[in-house]
Amino acid sequence: MRSYIKNTLSLINLKKGDITICIALLLFSILGLFLPAFHAGNGAMVVVSINGISYTEVSLSKDQTVEIKGNDDSICNIIAIQDGQARMLSATCLNQVCVRQSSISATNETIICLPNKVIIEVTSSIDNQIDSVSE
Amino acid sequence: MKNFLISLLIILVLCVGCTSSTIRDDEMYTTDFFAMDTAMNITAYGAHAEDAIQVAVNEVTRIEGLFSTNIATSDIAKINQNKNQTVSEEVFHLLETSIQLYEETDGAFDIAIFPIVKAWGFTTETHQVPSDEILAELLPYTKASDIALDKETLNVVIDEKMEVGLGGIVKGYTSERIMEIFKAHNVTSALVNLGGNVQALGKKPDGSLWNIAIKNPLDGSPYIGFVSLHDKAVITSGPYERNFEENGEIYHHLIDPTTGKPAENNLASVTIIATDGARADALTKLFVAGLDDAITYCNNHKDELDAIFVTKDKKIYITKNLEDSFTLQSEDYSLEIIY
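Chain order of the listed sequences is A and B.
Numbering of the first sequence is given in my numbering, commencing with residue 1 and proceeding in unit increments.
Numbering of the second sequence is given in my numbering, commencing with residue 1 and proceeding in unit increments.
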């Protein structure tokens, strides 16, 4: 078998270096197929509530900013979602404690803006099974 | 030969390179935004999702511009202002559908109840309890069947004292329109939630059904259960959505058109599940008719819709078709299958 391979290889004039390149190229191609799978999938959500009332739910897997508007329809808080993490980008509150808090990504972690009564909490879509709520 | 093999390998690598930059069927695109006085979410999957979602968001804005009572240039605002108004075919058609539903539901769904909803302050969030005198004055002019439609000229005529509001049907109509946009853009999997009105397109990218939870209208767990489905709108109405308290009494927005006051019966919420989003939205107003009449209506239309009724005494009534697709999640409730 080995001699057969050796003969074939010499026929097509393939040298050791060529073989190395071929194997390297093949490996990279196969790796490329799997790359998209490393992106965050669905699952983790950030639930936003104002004054205890559910306001919105956004996915942690898509980079985005979410504007939170209070009763008077003006923006009171803005959340930033980036690389699977959520943080308070800005807030109208005086103490800015929420903005200084480090970003959250694990289930049940929260960032609270007490003056504006805004809570953001990471959940695994509350109930893993639920896709949306009719209310 | 060697060059041929290497060329082949390079082509192979390039092909894979192209594949890995192609959007996967299960790539999710989602957007949260505000419109029609509420929070909305549109989620879609696949290569065409991003474009389709943008078109959908624009469509929501367009529809709001046509139907909102708060936008002075909308067809509906013009009807209310001028009492005699020619409108677009689209608005005319939804008015026709609304009047039809008024007749079918014996007045439970009534787009002409708007002046009374305004009197209670639900349109401006400046809540107040209107006197019986005010209600008696307004009630005779709250029948949708009194709206005169001319199909030839698309002209709408209402009495001086009448006003219309399509808030009870327009979100369902909008979610339907979004489904059409998705189909036109070759999106096969999507889910929208327009202020609590849910409509699903197809199944999830992995082929499984969408699980849509029904909010618990009473105290306790967040949901009473969920329905597993595809290609359906799931729309719920209940007093918990909009209400205010005055002198120890709770007043909600689901007005009984016979009294001009919030409907009083044993129902806590009504959910309608149907492919027709507009009808599903409108028919949740069967809430004001009470459980028995609501069940009778649904029984007569069992081919077009399914329903979930939740009562104050913690019972859930579901239509037979839902038996296999409804999963009860709250221990506080008992389940009953109707017809």
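Calculated from the structure, these hints are not laboratory results.
Since this is a predicted model, take the numbers as computed values, not measurements.
Possibly wrong hints are sitting among the right ones.
[Said to hold, decoys possible] Once the Cα atoms are required to be at most 30 angstroms apart in a straight line, the calculated DSSO-like pairs of lysine-lysine come out as:
hint, chain 1, residue 1, chain 2, residue 2
1, B, Lys204, A, Lys62
2, B, Lys2, A, Lys16
3, A, Lys15, B, Lys83
4, A, Lys69, B, Lys302
5, B, Lys204, B, Lys118
6, B, Lys2, B, Lys83
7, B, Lys118, B, Lys203
Which constraints among the numbered hints does this structure fail? Numbers only, ascending. Violated hints: 3, 4, 5, 6, 7; rest satisfied.
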